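**Student:** Using the hints, put the two standalone chains together into the complex.
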Amino acid sequence: MSKALQQLLYKMADDALIIGHRNSEWTGIGPMLEEDLAFSSMAQDKIGHALALYTILHEHLGQPHPDKLGFMRSEAEFTCCQLVELPIGEYDFSLMRHFLFDHAELLRYEMLTNSSFLPLAQLAKKVKGEIKYHVLHADTFLKQLARGTEESKARMQSGLNYTWPYALGIFEATDNEQDLTAQNVFTGEEELKKRWLEKVSLIINNAGLTVPKVEESKIVYGGRKGYHSEYLKPLLDEMTEVVRLDPSAEW
Amino acid sequence: MNSLDPRVQRLNMAADTDNELHTNSHLITWEVFHQEKRGKQVVHVGIVHAPNPEMALILAKEQYARRGKTTNLWVAKTADVYTFSTGDDDMFATIPEKTFRDPASYKVRDRIEKFQQQNNLV
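Chains as they are written, first to last, in this note's numbering: chain A, 1 to 251; chain B, 1 to 122.
One should not assume that every hint holds.
Said to hold, decoys possible - Partial chain B-side listing against chain A, Cβ under 10 Å, derived:
hint : residue
1    : Leu27
2    : Val48
3    : His49
4    : Pro51
5    : Asn52
6    : Leu59
7    : Ala60
8    : Glu62
9    : Arg66
Claimed, not checked - The calculated label-pair distances, taken between Cβ atoms and stated as ranges, are:
hint : chain 1 : residue 1 : chain 2 : residue 2 : range
10   : A       : Ser74     : B       : Lys69     : 40 to 46 Å
11   : B       : Gly39     : A       : Ala173    : 47 to 53 Å
12   : A       : Met72     : B       : Lys69     : 35 to 41 Å
To be verified - With the Cβ distance kept under 10 Å, some of the chain A side facing chain B (calculated, not the full set):
hint : residue
13   : Ala38
14   : Phe39
15   : Ser40
16   : Ser41
17   : Tyr133
18   : Gly148
None of these hints come from the bench; they were simulated from the model.
Keep in mind the model is a prediction, meaning the values are calculated, not measured.
Heads up, the beta-carbon is just placed ideally off N, CA and C, and yes, glycines get one too.
In isolation and in its complexed conformation, chain B is listed as follows (with noise of 0.2 Å):
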């Protein structure tokens, strides 16, 4: 099969060489976060190579930044990131259910708006 890699296709190597390109071996990756609007939340956008926190946000500030408003972008080591197992996702499992947990759900917003609308207070 041939290597994905665009660099290992344009160089026209085999894929089954010993490569270094295919390591990358001095380069880690750095998880990136967008924050749109002062305030607001960072939101996770992607990955980015880099050998250390200077070089990771210049090079995220074109990979996710270029397009749309950024008012920020933080990097973290995607190290530095720990997460659960993917087989305890069971864990999450019944939480659909809950709807009691969502504040969206609750029918007395429909009571205090009726009661609102009747007696002109809106």
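Just chain A, same shape as in the assembly (with noise of 0.2 Å):
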């Protein structure tokens, strides 16, 4: 059991770190004022949950310290999915990804609410309103774009087909997932992905968008298996850029 609990809460952590960090490189250039600085401060959120998570497995299952975590840790060690690796591109493919990953952040934590492992329930009950932020924010965009101008509109579409793929990569399967499911701790990604396709599909039909099949996605994979794109291993780089000088250093 604590070996799926444990990939479970890493597989979150560091999809919360590494999107995180990727859209905080929007601060300072987002497209307007007021949405540099909302960007900015949802990808704030994201770390305080990579946070919260790192000390649940440090605190509760023997795992090293949080900032070991986070920033000692090699490219195989991850276990994000591709989907939050990505590069930022355009702010119509960040925003794809900004909703279509935090529609399955905003599940997931809901079915955890009820979670038997106390600590993550209790997380998930503390982060479920920021998140309903960040999805809000999301649709509101989404609806906002997609219902513009005619390029505005196929900026979207494009984003999300491209995205697609990656997105549902979110769900891959991870050995021992029945130890979860039955000891009540997950009801597992299979669950989460029927309802985050529900929630999806309808919001992405309401903002007139086309749905891309799901039997004809070439799903990316790998992820939660430590197999990463090109791209992580400098998004690590960078991030540790600056405690890699001297790992031993109080700050």
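**Tutor:** Okay, structure coming up:
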């Protein structure tokens, strides 16, 4: 059980840390002042979620200190999905990733509010409101741009088509998951994916865009097993550049 | 003179070019009001740029409610706010002298407190 639980916590934490770092790359170059600040603030929330999850790993499952987990692990030890590693690209891509990822995150935490592993259930209740805003932000922007000009609609649709196979990779199966289901820790990726598809399809359709077909998607797996895109390594190098100058320094 | 718009500075644009960034014509401004607790008054805190009320609210949330306690935000179109002319502020000029309108300045409060103390009523 504790192996499967560790895997769950690690992948959630790694997703949050990496997407938080990626989205923070918009700080200072966002499309408008207000959005620059809003997107940066949400990125900071994600880093906070990662810290909370690494802290649970440290305090309840005997894993190393959160700083070590975040900054001193190699690429292959990360189990984030490849979706979160991709460079920020144009804003249409970053918004679409934010939309698809955050809906999965919200539903995952909603499922976890009933988890038998109490530290996770408590965290899920605590961050629910924060992620509710993230999703509202994403939905509002999606609607606005999908119903904006011809160009904005086309860009959102192509952003969606590009991001979709990566987003489905969020739900990559991990070994031992049945242990989590059996002990009522987490209902599982398949169930999460089902709920996610239902939810995002509804919003995408309402916004006048077309949902790509799942069965025709070349889903990008590998992240949960430590296989990553070419983009993760440079991200980790940059993120840990300062801390590696002197790993023993007190901050 | 260089533009104060950071986007223009970042993009290294000449300020005198007729650039769309200067006008922001597709966005209007919204006045933002912040409410700290349920039942307390909402207080004007600033503006945001947005094309519609939904966008104004989601942007206002991070501009004005990411620190400190908040229970709600209101937004209203700047164009829907009506004001006096700034030149008419002489209408308010003598108000600071009318201290009799300020309940805090009533002398009778002191006398009530003195009476209460003398008669052990507090």
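**Student:** Now tell me, hint by hint, if it's right for this structure.
**Tutor:** Taking the hints in turn, this is what the structure says about them:
1. Leu27: It holds, given that the least Cβ distance between Leu27/B and chain A is near 8 Å, below 10 Å.
2. Val48: holds, 5 Å
3. His49: With Cβ-Cβ at 6 Å, under 10 Å, it holds.
4. Pro51: holds, 7 Å
5. Asn52: holds, 7 Å
6. Leu59: Since the shortest Cβ distance to chain A is 4 Å, the answer is holds.
7. Ala60: holds, 8 Å
8. Glu62: holds, 4 Å
9. Arg66: holds, 5 Å
10. Ser74/A <-> Lys69/B: 40 to 46 Å: Holds - the Cβ-Cβ distance for Ser74/A and Lys69/B, about 42 Å, lies within 40 to 46 Å.
11. Gly39/B <-> Ala173/A: 47 to 53 Å: holds, 50 Å
12. Met72/A <-> Lys69/B: 35 to 41 Å: holds, 37 Å
13. Ala38: Ala38/A check passes; min Cβ-Cβ to chain B is 4 Å, inside 10 Å.
14. Phe39: holds, 8 Å
15. Ser40: This hint holds: Ser40/A lies near chain B, its Cβ roughly 8 Å from the closest one there, short of 10 Å.
16. Ser41: holds, 5 Å
17. Tyr133: At about 6 Å, which falls below the 10 Å cut-off, the nearest Cβ of chain B leaves the hint on Tyr133/A intact, so it holds.
18. Gly148: holds, 9 Å
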